[in-house]
Amino acid sequence: MLEKYFSQDFWSTLSETAVEWVITQLPAILILVLLLFVTLKLIDYFKRRTEKIILNRLKRKEEIEDINETEKRVHTLMDILRGTLKIVVWSMFIMIFLKKINIDIAPLLAGAGIVGLAVGFGAQELVRDFITGFFILLENQVRAGDVAIINGTGGLVEKIELRTITLRDFSGVVHIVQNGKINTLSNMTKEWSAMVFDIGVAYKENVDEVMKVIKEVGDELQNDAEFGKSIIEPIEIFGVDQFADSAVVIKARIKTKPIQQWTVGRQFRGRLKKAFDQKGIEIPFPHTTVYWGEKANALDIKLNAESNKG
6 MLEKYFSQDF WSTLSETAVE WVITQLPAIL ILVLLLFVTL KLIDYFKRRT
56 EKIILNRLKR KEEIEDINET EKRVHTLMDI LRGTLKIVVW SMFIMIFLKK
106 INIDIAPLLA GAGIVGLAVG FGAQELVRDF ITGFFILLEN QVRAGDVAII
156 NGTGGLVEKI ELRTITLRDF SGVVHIVQNG KINTLSNMTK EWSAMVFDIG
206 VAYKENVDEV MKVIKEVGDE LQNDAEFGKS IIEPIEIFGV DQFADSAVVI
256 KARIKTKPIQ QWTVGRQFRG RLKKAFDQKG IEIPFPHTTV YWGEKANALD
306 IKLNAESNKG
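For the sequence shown, the working numbering gives the first residue as 6, with consecutive numbering after it.
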């Protein structure tokens, strides 16, 4: 039995088959490996070259202030693109290689399709997170260091990843939001910020004089050596916005550099309060008058007399 496998005919047939395979199949496989190597190198070159072109164009734009953050965002996106291309290239290489060594890949493809379908159903939420995160980075909707409100939760964006965004609110609480579950995203510090003021004064005040004082305080703040650097444009006064129960409300706005609106706003309110006090401009507030002793008895007698008269 064993002699049949180790006979001269067996070795002759084996050698002929090996020589034929080397002549017909091995060059194709070597060319395939060479093409794989060249393609992977071209992908790396394409990634570096494209990343350099994009960064050079972004650096020419005046609105790009934090170039380091922009470099990280572009680098992340190009890494994702490179990884995707490499997966496609390796998949094609493996299928062609298996075909060349006479392995039927149809069952493998069918099995991979079934496994991929099962994984897809289980990981659809994860895939959705990654796709949403990719477009958040691509469109530069928000970046680390911005102040944003996501699904009603506000805070400083500490980290942006393909799957999650990490926020830290004013109390120091960390909120981690899945990208795929973001319904609303409001960036409060994109390119520029603004502080809007609803300034209430008593009805007896002259609104033109009040707006003049507001303008003076705004100009003084903009000319300040420390806080003026954070203000982009002079204060905008829109005029009387509404008639409240006990106040006339004047609306104004100051445009600032990103994240500086709260600092500028606090400083403006403090200076405006001092200016109103100096000018004798009344800021109405809810208050209650309490009477006691003789004054309270006199008030009761007066009220009783008026009710009897009525």
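Hints are not guaranteed to be accurate.
[Claimed, not checked] Cross-link-like lysine to any residue pairs, in silico, SDA-like; alpha carbons within 25 Å at most: (1) Lys105 <-> Thr171; (2) Lys260 <-> Arg274; (3) Lys220 <-> Arg271; (4) Lys164 <-> Ile187; (5) Lys262 <-> Gln146; (6) Lys57 <-> Glu76; (7) Lys164 <-> Ala249; (8) Lys279 <-> Phe202; (9) Lys52 <-> Ser20; (10) Lys256 <-> Arg271; (11) Lys284 <-> Val245; (12) Lys262 <-> Gln129; (13) Lys278 <-> Arg258; (14) Lys52 <-> Ala33; (15) Lys278 <-> Ile237; (16) Lys91 <-> Ile48; (17) Lys260 <-> Gln227; (18) Lys278 <-> Ile264.
[Stated by the list, open to error] Just the calculated beta-carbon pair ranges, DEER-fashion: (19) Ala111 <-> Leu82: 16 to 26 Å; (20) Glu163 <-> Glu231: 42 to 52 Å; (21) Ile59 <-> Val178: 12 to 22 Å; (22) Arg133 <-> Glu225: 25 to 35 Å; (23) Leu82 <-> Leu161: 17 to 27 Å; (24) Leu82 <-> Phe290: 48 to 58 Å; (25) Phe290 <-> Val201: 31 to 41 Å; (26) Ser96 <-> Glu166: 22 to 32 Å; (27) Ile34 <-> His180: 17 to 27 Å; (28) Glu163 <-> Ile85: 13 to 23 Å.
Source of the hints: derived by calculation from the structure; they are not laboratory data.
Every residue gets a Cβ at the ideal spot worked out from N, C-alpha and C, and that includes glycine.
Verification of the supplied hints:
no. : hint                          : result
1   : Lys105 <-> Thr171             : violated (49 Å)
2   : Lys260 <-> Arg274             : holds (15 Å)
3   : Lys220 <-> Arg271             : holds (16 Å)
4   : Lys164 <-> Ile187             : holds (15 Å)
5   : Lys262 <-> Gln146             : holds (18 Å)
6   : Lys57 <-> Glu76               : holds (10 Å)
7   : Lys164 <-> Ala249             : violated (42 Å)
8   : Lys279 <-> Phe202             : holds (16 Å)
9   : Lys52 <-> Ser20               : violated (46 Å)
10  : Lys256 <-> Arg271             : holds (16 Å)
11  : Lys284 <-> Val245             : holds (19 Å)
12  : Lys262 <-> Gln129             : violated (40 Å)
13  : Lys278 <-> Arg258             : holds (16 Å)
14  : Lys52 <-> Ala33               : violated (28 Å)
15  : Lys278 <-> Ile237             : holds (23 Å)
16  : Lys91 <-> Ile48               : holds (8 Å)
17  : Lys260 <-> Gln227             : holds (11 Å)
18  : Lys278 <-> Ile264             : holds (23 Å)
19  : Ala111 <-> Leu82: 16 to 26 Å  : violated (36 Å)
20  : Glu163 <-> Glu231: 42 to 52 Å : violated (27 Å)
21  : Ile59 <-> Val178: 12 to 22 Å  : violated (36 Å)
22  : Arg133 <-> Glu225: 25 to 35 Å : violated (51 Å)
23  : Leu82 <-> Leu161: 17 to 27 Å  : holds (23 Å)
24  : Leu82 <-> Phe290: 48 to 58 Å  : holds (53 Å)
25  : Phe290 <-> Val201: 31 to 41 Å : violated (21 Å)
26  : Ser96 <-> Glu166: 22 to 32 Å  : holds (26 Å)
27  : Ile34 <-> His180: 17 to 27 Å  : violated (53 Å)
28  : Glu163 <-> Ile85: 13 to 23 Å  : holds (21 Å)
Violation of the numbered hints given earlier is confined to hints 1, 7, 9, 12, 14, 19, 20, 21, 22, 25, 27; the remaining hints are satisfied by the structure.
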